[in-house]
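Chains A and U, in that order, are what the protein sequence lines are.
Note that the working numbering has the first sequence beginning at 14, numbered continuously upward.
Note that the working numbering has the second sequence beginning at 240, numbered continuously upward.
A few of these clues could be false.
[Stated by the list, open to error] Computed list of lysine to aspartate or glutamate pairs in EDC-like fashion (alpha-carbon distance at most 20 Å, straight line): (1) Lys312(U) - Asp210(A); (2) Lys312(U) - Asp259(U); (3) Lys291(U) - Asp203(A); (4) Lys316(U) - Glu276(U); (5) Lys280(A) - Asp291(A); (6) Lys42(A) - Asp204(A); (7) Lys316(U) - Asp259(U); (8) Lys363(U) - Asp385(U); (9) Lys169(A) - Asp354(U); (10) Lys402(U) - Asp354(U); (11) Lys416(A) - Glu383(A); (12) Lys291(U) - Asp394(A); (13) Lys291(U) - Asp502(A); (14) Lys167(A) - Glu155(A); (15) Lys407(A) - Glu532(A).
[As the list claims (entries may be wrong)] Some chain U residues near chain A, calculated using beta-carbon distances under 10 Å: (16) Leu292; (17) Pro296; (18) Pro307.
Since the hints were derived computationally from the structure, they do not count as laboratory data.
Nothing here was measured: the structure is a model prediction, and the numbers come from that model.
No residue lacks a Cβ here, since even glycine has one placed at the ideal position from N, Cα and C.
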Amino acid sequence: MSEEATVNVQVDGTWIQVPKGTRMIEACKQAAAEVPHYCYHPKLTSPGNCRMCLVEMGMPPRPAPGEEPELDKDGHAKIGWMPRPVIACANTVAEGMGIRTDSPLTRECREGVMEFLLINHPLDCPICDQAGECTLQEYSVEHGKGESRFLENKVKKPKSVEIGPRIRLDDERCVLCSRCVRFTREVVDDDVLGFVDRGSHNVLTVHPDRPLANNYSLNTVDICPVGALTSEDFRFQMRVWFMRETESICTGCARGCNTLIGSREGKIYRQTPRENNDVNSAWMCDEGRLGFHYLNSDARLTEPLVKDGAGHRPIDWPEAIRRAAEGLAKYRGGGLAVVASGRMTNEELYLARTLAETLGAAAVDIVKREGEGDGYLVHADKNPNTAGARAVLKLRSPGSKLKAIKKGIEDGSIKALLVLGENLLKAGFEEGTLKNLKFLVSSHLLANPTAKLSHVVLPGAGFAEKRGSMVNATGRLQRLNKAVEPPGDAREDWETLQDLNRAVDGLDGVGEIADVFAEMAERVSAFKGMSLSKIGGGGVHLIDTDERVPLLEREAERVREGLIVG
Amino acid sequence: MEVSAELEAKADEYIGHYPDDQRRSASLPLLHLLQQEFGHIGEDGVRWVADKLGLEPINVLELVTFYPGLRQKAPGKYHIRVCRTLSCAMAGCHETMDKICQVAGIDRSGVTHHDPIAISEDGKFSIEFAECLASCGTGPVCLVGDDFHEGVTPEAVGELLEKYD
Numbered sequence: 014m015s016e017e018a019t020v021n022v023q024v025d026g027t028w029i030q031v032p033k034g035t036r037m038i039e040a041c042k043q044a045a046a047e048v049p050h051y052c053y054h055p056k057l058t059s060p061g062n063c064r065m066c067l068v069e070m071g072m073p074p075r076p077a078p079g080e081e082p083e084l085d086k087d088g089h090a091k092i093g094w095m096p097r098p099v100i101a102c103a104n105t106v107a108e109g110m111g112i113r114t115d116s117p118l119t120r121e122c123r124e125g126v127m128e129f130l131l132i133n134h135p136l137d138c139p140i141c142d143q144a145g146e147c148t149l150q151e152y153s154v155e156h157g158k159g160e161s162r163f164l165e166n167k168v169k170k171p172k173s174v175e176i177g178p179r180i181r182l183d184d185e186r187c188v189l190c191s192r193c194v195r196f197t198r199e200v201v202d203d204d205v206l207g208f209v210d211r212g213s214h215n216v217l218t219v220h221p222d223r224p225l226a227n228n229y230s231l232n233t234v235d236i237c238p239v240g241a242l243t244s245e246d247f248r249f250q251m252r253v254w255f256m257r258e259t260e261s262i263c264t265g266c267a268r269g270c271n272t273l274i275g276s277r278e279g280k281i282y283r284q285t286p287r288e289n290n291d292v293n294s295a296w297m298c299d300e301g302r303l304g305f306h307y308l309n310s311d312a313r314l315t316e317p318l319v320k321d322g323a324g325h326r327p328i329d330w331p332e333a334i335r336r337a338a339e340g341l342a343k344y345r346g347g348g349l350a351v352v353a354s355g356r357m358t359n360e361e362l363y364l365a366r367t368l369a370e371t372l373g374a375a376a377v378d379i380v381k382r383e384g385e386g387d388g389y390l391v392h393a394d395k396n397p398n399t400a401g402a403r404a405v406l407k408l409r410s411p412g413s414k415l416k417a418i419k420k421g422i423e424d425g426s427i428k429a430l431l432v433l434g435e436n437l438l439k440a441g442f443e444e445g446t447l448k449n450l451k452f453l454v455s456s457h458l459l460a461n462p463t464a465k466l467s468h469v470v471l472p473g474a475g476f477a478e479k480r481g482s483m484v485n486a487t488g489r490l491q492r493l494n495k496a497v498e499p500p501g502d503a504r505e506d507w508e509t510l511q512d513l514n515r516a517v518d519g520l521d522g523v524g525e526i527a528d529v530f531a532e533m534a535e536r537v538s539a540f541k542g543m544s545l546s547k548i549g550g551g552g553v554h555l556i557d558t559d560e561r562v563p564l565l566e567r568e569a570e571r572v573r574e575g576l577i578v579g
Numbered sequence: 240m241e242v243s244a245e246l247e248a249k250a251d252e253y254i255g256h257y258p259d260d261q262r263r264s265a266s267l268p269l270l271h272l273l274q275q276e277f278g279h280i281g282e283d284g285v286r287w288v289a290d291k292l293g294l295e296p297i298n299v300l301e302l303v304t305f306y307p308g309l310r311q312k313a314p315g316k317y318h319i320r321v322c323r324t325l326s327c328a329m330a331g332c333h334e335t336m337d338k339i340c341q342v343a344g345i346d347r348s349g350v351t352h353h354d355p356i357a358i359s360e361d362g363k364f365s366i367e368f369a370e371c372l373a374s375c376g377t378g379p380v381c382l383v384g385d386d387f388h389e390g391v392t393p394e395a396v397g398e399l400l401e402k403y404d
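Can you build the whole structure from these sequences, using the hints too?
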């Protein structure tokens with residue numbers, strides 16, 4: 014819309030220019046005058062049913078024939094204010110329009126709407142999950158009356174209703190904004206939510222035959238402005254104001270949805286989508302969102318282990334690094350291979366590459382992880398960083414060398430193997446093959462059969478426990494940030510790889526992860542000119558691909574049709 | 240719920256009144272059709288309409304629960320709807336209601352917003368309050384099935400119910 018004409022709009026006395034067709038509520042936002050709202054969401058259609066965004070509006074009166082319009086001191090036509098308010102969410106601006114977001118009329122409207130909304134709302138904020146991030150709570154303070162004139166009994170509605178496998182609904186808290194209904198209908202084409210009954214008995218529900226079970230259902234919890242829709246996974250786990258939110262990305266597939274990781278005292282409690290209009294809009298799939306629980310698993314490896322008879326015993330890090338490096342160095346020059354992972358960060362992959370180069374590894378590859386895409390956000394490639402691995406490890410066809418590695422182990426030409434974050438028994442290798450190896454060192458998050466066969470096991474850090482960068486399916490370079498510390502003595506993998514590099518090449522290596530990135534940027538052409546800090550919160554486009562994000566394509570279509578703001 | 244070929248044909252005819260991409264418009268006609276045929280719209284009725292129009296069942300359930308005129312519970316042989324809007328209320332419709340219940344043997348104590356219909360023990364009569372039946376000058380008024388009755392004072396109730404058997 015940038016090419017199109019702009020219009021002059023006065024917001025709270027200040028004139029601004031906004032593109033023609035801008036919603037009044039968005040114009041106010043640009044003028045830093047936030048208009049409270051419940052039902053309005055820029056990614057969804059605007060039914061205008063909550064009435065919270067009522068503002069005072071005016072237009073210049075049409076001058077009588079032969080008369081010039083009266084001008085104010087700024088040279089704009091004077092505004093004739095309308096006696097009644099309008100909703101700012103579904104109306105667009107016009108040339109010379111005036112909007113008052115803080116006039117007595119506007120304030121009175123908000124107070125009235127709040128009073129109605131609170132008539133039947135339960136006073137259960139102390140036990141409500143939404144407390145602390147509830148717009149009803151916030152607007153009550155900012156725009157409410159502070160007291161109720163309502164003496165009658167509140168209407169009783171269904172509470173704690175299981176409307177889907179991951180969602181629990183409290184109808185008494187619902188303000189009937191219909192954001193969830195519109196989300197399931199418009200964004201994920203699963204029109205299962207609706208309002209039944211009428212008047213003060215009006216409730217949100219699903220038909221018993223069709224629960225809210227789609228893979229995007231938890232987004233309704235995010236957009237619910239109140240505590241009506243709650244996540245089965247998160248409810249009653251943690252008060253939101255205790256959590257620290259860390260910007261990161263989901264590593265469940267090659268989409269790389271932007272996220273916020275909510276954690277407290279070293280434990281992750283939830284993951285929510287963070288808006289990025291080049292990646293995931295404002296949404297993420299349930300599978301990815303809930304895919305962090307393994308980080309809290311009891312099967313996490315928390316200290317380096319060395320093979321001792323049939324089992325393993327813990328050793329300290331310097332000893333583990335020494336043994337691993339020595340064991341690998343023994344087969345320098347073609348006698349070893351490296352199986353890395355598409356779940357590793359670029360920095361880790363780069364350090365794996367330098368290690369392989371120093372040792373003269375016969376082959377370096379990653380394990381492919383193919384699944385199914387869903388035509389929305391979920392990508393068929395379940396590795397979050399295949400594109401990064403392609404660039405850093407110079408892989409033309411990721412996973413294609415595994416067969417040769419397997420054959421090499423079987424015929425005895427490959428005697429040592431470094432496995433990074435992959436369970437090879439799930440990647441086409443058999444136990445017998447791995448037993449053929451003279452030396453096997455692997456790093457893992459969780460105990461698994463490959464770890465069990467390894468001579469040295471190095472405990473690694475999960476995606477939320479480290480810094481680093483990845484490249485998603487559309488070629489966007491994005492950053493992981495550390496939300497929590499790895500458990501026990503487990504370390505960030507780039508540190509382990511750096512130590513292995515030092516032990517093998519005898520050099521000092523670099524100091525910090527940013528330096529690893531800097532070195533990588535010098536040596537890998539795709540990263541030229543980039544630095545870890547340049548990536549920023551939203552990532553940067555790095556590699557051109559033909560990939561499109563189906564969900565974003567459809568969103569753009571709805572923006573073009575004027576249905577949503579976007 | 241068994242749908243006869245006749246009913247099916249009638250439904251298809253209603254659906255044919257609307258453009259193919261707006262089949263949803265036939266929701267209300269189809270619901271009325273079911274209610275005429277079966278006296279009420281049960282769970283399977285909601286599913287049938289949804290299937291017929293390619294809708295989610297919730298879309299139909301929303302309609303059925305929104306309109307008080309659409310019944311979710313099977314009524315008695317004769318269904319009585321007593322107007323309770325202002326004019327009839329002032330003309331004494333609550334006394335009329337009590338009298339009908341007494342004569343027909345209907346217990347309305349279990350009636351709630353979500354379950355507005357009470358049925359006599361013998362299943363002959365069922366009753367509920369309705370909003371304005373559009374005859375404010377002649378209240379209290381009521382509908383028995385599709386028959387409209389005016390001036391139904393408590394005294395007139397006995398004679399009225401005798402007409403139905």
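### Message
Please list, smallest to largest, the hint numbers that this structure does not respect.
### Response
The structure breaks hints 2, 5, 6, 7, 10, 12, 13, 14, 16; every other hint is satisfied.
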